[in-house]
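Residues per chain, in single letters:
Number of protein chains: 2
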Amino acid sequence: MSKGSKGAVTRAAGFLAAGVACGLKRSGKRDLALVHCPGGATAAAMFTTNRIVSAAVEIARRHVQSGRICGVVINSGNANACTGQKGINDALTMCRTAARHIGADTHEVLVASTGIIGHPLPIARVKAGIAAAAGELSASAAAGHNFARAIMTTDTRCKEAVKTVRISGKQVTIGGTAKGAGMIGPNMATTISVITTDAAISAGMLKKAMAAAVGESLNRLTVDGHQSTNDTAIVLASGAAENPIIERDCPRYRAFAAALKAVCDDLTRQMALDAEGATRMFKVVVTAAASQAEAARAARAVADYDLVKCAVHGGDPNWGRIICAVGSCGVRLDPQKLACKINNTTVFSKGRPIKFDRAKVSSMIRRQEHTITVHLGVGTHTDFCYGCDLSREYVTINADYHT
Amino acid sequence: MSKGSKGAVTRAAGFLAAGVACGLKRSGKRDLALVHCPGGATAAAMFTTNRIVSAAVEIARRHVQSGRICGVVINSGNANACTGQKGINDALTMCRTAARHIGADTHEVLVASTGIIGHPLPIARVKAGIAAAAGELSASAAAGHNFARAIMTTDTRCKEAVKTVRISGKQVTIGGTAKGAGMIGPNMATTISVITTDAAISAGMLKKAMAAAVGESLNRLTVDGHQSTNDTAIVLASGAAENPIIERDCPRYRAFAAALKAVCDDLTRQMALDAEGATRMFKVVVTAAASQAEAARAARAVADYDLVKCAVHGGDPNWGRIICAVGSCGVRLDPQKLACKINNTTVFSKGRPIKFDRAKVSSMIRRQEHTITVHLGVGTHTDFCYGCDLSREYVTINADYHT
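In order, the protein sequence lines correspond to chains A and B.
Per numbering that gives the first Met the number 0, residue 0 is the first one in the first sequence, and the count goes up by one each step.
Per numbering that gives the first Met the number 0, residue 0 is the first one in the second sequence, and the count goes up by one each step.
So here's chain A without its partners, still in its complex pose:
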């Protein structure tokens, strides 16, 4: 959690939240989260592009079309994926139950689920949980923080971020929370994110800002290269800040979009650092690529490569593995111009190793975050990706976690 961001989801005006335990997690921890916007909110959402999607994603995709959303209900501990018609019915029941408690229509509620795949939801417990959460709805920071805790699965820390920005003299607040520690690949590397803002903004511009923010942040994180069946990122805008409504690509829009991107980027970095077993993160920047797609592919190839992730874990400036990943991912490059930097230290230039201070570079890698830059030498395109190290702990978590 970024400093001062506790309870981020209730920071913007116009939102109440709650997070309770309803018995989905064996640990007894909070597993049912509810956010409510009494005045209704403009909404936008992005979903996993996995071909297999959870029942919640199917329903939320449908409900977000309406453009006006009054609440979001989320359960952790069970993904409600690969659960057939019962799963669809259960996701709808979650919306209907929440809607009844907050005085809205079923289609005005979005739903998300996260947890184990293939198990039917114990829907009676979930319904009781929704009732309990509705009873605890509050605009307090504690309530917002409980919401953040209730969407966690294998996360060890809450991810929360807040940013304020002045728009036409009004203070606009954007607050968000995210969960995700594994099964994270580019293109909705999100698992579940919920962002609330009091900005007044049209549905179209909110969607545009969200797509841009997620594209530059959550979609650029890879922990293990795969997206889950449940990835969902939701933004709700209450309009309570009473700024002149943002309806086109104007300076006001750009100020809002930059702040939204900052929140998403902050959440993404928090996820990278709390990824399963991760002890540090890194950013891969690819420059001088022949196309945008190739720049993105090469950056992802480096960030996804287990041997690079292990080298980062060991604090080893192993440029050989970086070069190997770039060379084998199918992008165009000039072997005579290929170069690689770790932070500002060149370790490989014009296709040849460079002498550098290994101890110094190793200590840079051992910090919380460093940047690997690879110059392909064939074009003008640049892209990036976030990754994290691979530890023994990752294996322990994922080999010993049983279905």
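Careful: at least some of the hints might be erroneous.
As the list makes no split between identical chains, a pair holds if one copy fits it or if it spans any two.
To be verified - Dumping the calculated DSS-like pairs for lysine-lysine here, alpha-carbon to alpha-carbon at most 30 Å:
hint: 1; residue 1: Lys28; residue 2: Lys336
hint: 2; residue 1: Lys85; residue 2: Lys359
hint: 3; residue 1: Lys24; residue 2: Lys349
hint: 4; residue 1: Lys28; residue 2: Lys354
hint: 5; residue 1: Lys24; residue 2: Lys354
hint: 6; residue 1: Lys354; residue 2: Lys85
hint: 7; residue 1: Lys207; residue 2: Lys24
hint: 8; residue 1: Lys5; residue 2: Lys260
hint: 9; residue 1: Lys5; residue 2: Lys349
hint: 10; residue 1: Lys260; residue 2: Lys354
hint: 11; residue 1: Lys207; residue 2: Lys28
hint: 12; residue 1: Lys207; residue 2: Lys282
hint: 13; residue 1: Lys24; residue 2: Lys359
hint: 14; residue 1: Lys28; residue 2: Lys85
hint: 15; residue 1: Lys24; residue 2: Lys85
These aren't lab readings, by the way, just hints derived from the structure by calculation.
We have chain A already, so just place chain B on it with the hints.
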């Protein structure tokens, strides 16, 4: 090593080999390997498709064009990759030195290197090693085994395989050795393989048989999804078996090709089981895919997915992760027809989980090898991939191995 395959590379008639230590490996272990075919051999070779290739690959690609090869010289402990013009000169010097000792022309010698990237070869030591190896050349099983030991890097076991086949009344022998434990991805998942045979076969048919064999074996193994800068697979045919020469796609060719494929498949399985930190391997078969390429992509996506590899390590029948990998790799599938089997036990059918005996399936996974079958339900194409589990030991090897 398969039983009775010790010294595989000198098993076919017409080959001498040696493996010595020349000081490239700090451990003092054997690191210089030489095979000699006094009568000359028809040769075919396949190389990495990584865009960055070692100096040895550049030279060997050129020399194999001649079609007639008298020797192969290989060093381990240093990849001679990213070493510029000195690297090219050194690779040529290796060929020239070996050629002089075995009485051949420089272009009749192939070269391969494996080990650390970006360090210039200590060429004086390598030359002394070639001289020493030439002095120890022998057709004995011990000499063949020393060759196999001298190409190893992080391998913990020698990989050797032998197959004999009768062709037109003559016994033909095919023997091979391979090294490779990490940096192994499809499309030359080979690192270094050397196969010798006494078959009489034209260069064209040898190339065809080798491409087919490697395509169905070495190219189907993924340990970490990436190919190295040095992958090389070489086959040499001495003709000493005196079978009527194989010059077209006839029954004799098919018998030879099947035996060659069996040798490559055997070596591939040995590599999977000796992959860095691996304790077991698995085969992923994808059926009912919309195209051959999609079947291959889906199989590789499952075999490469760290969460699947961790589940295999933990003996966990975690079909959710398998389905997730297939769903996120971009292939067409029918969510209503999707099915998954572990060996012969169906664990997922028609898009829904199936009740199965978890303890029994877990014990199947814990064996040396099991098969995961995924039915996509949209077409008629099938493909497969080999993978291995991901252990804490993999991380230890690759985080603590320093450049």
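Status of each hint after checking the structure:
no. : hint            : result
1   : Lys28 / Lys336  : neither (54 Å within a copy, 36 Å between copies)
2   : Lys85 / Lys359  : between (57 Å within a copy, 28 Å between copies)
3   : Lys24 / Lys349  : between (54 Å within a copy, 28 Å between copies)
4   : Lys28 / Lys354  : between (52 Å within a copy, 28 Å between copies)
5   : Lys24 / Lys354  : between (52 Å within a copy, 22 Å between copies)
6   : Lys354 / Lys85  : between (62 Å within a copy, 17 Å between copies)
7   : Lys207 / Lys24  : neither (36 Å within a copy, 57 Å between copies)
8   : Lys5 / Lys260   : within (19 Å within a copy, 61 Å between copies)
9   : Lys5 / Lys349   : neither (47 Å within a copy, 44 Å between copies)
10  : Lys260 / Lys354 : neither (38 Å within a copy, 44 Å between copies)
11  : Lys207 / Lys28  : neither (36 Å within a copy, 61 Å between copies)
12  : Lys207 / Lys282 : within (25 Å within a copy, 43 Å between copies)
13  : Lys24 / Lys359  : between (45 Å within a copy, 26 Å between copies)
14  : Lys28 / Lys85   : within (25 Å within a copy, 62 Å between copies)
15  : Lys24 / Lys85   : within (20 Å within a copy, 61 Å between copies)
Checked against the numbered hints listed earlier, the structure breaks hints 1, 7, 9, 10, 11; every other hint is satisfied.
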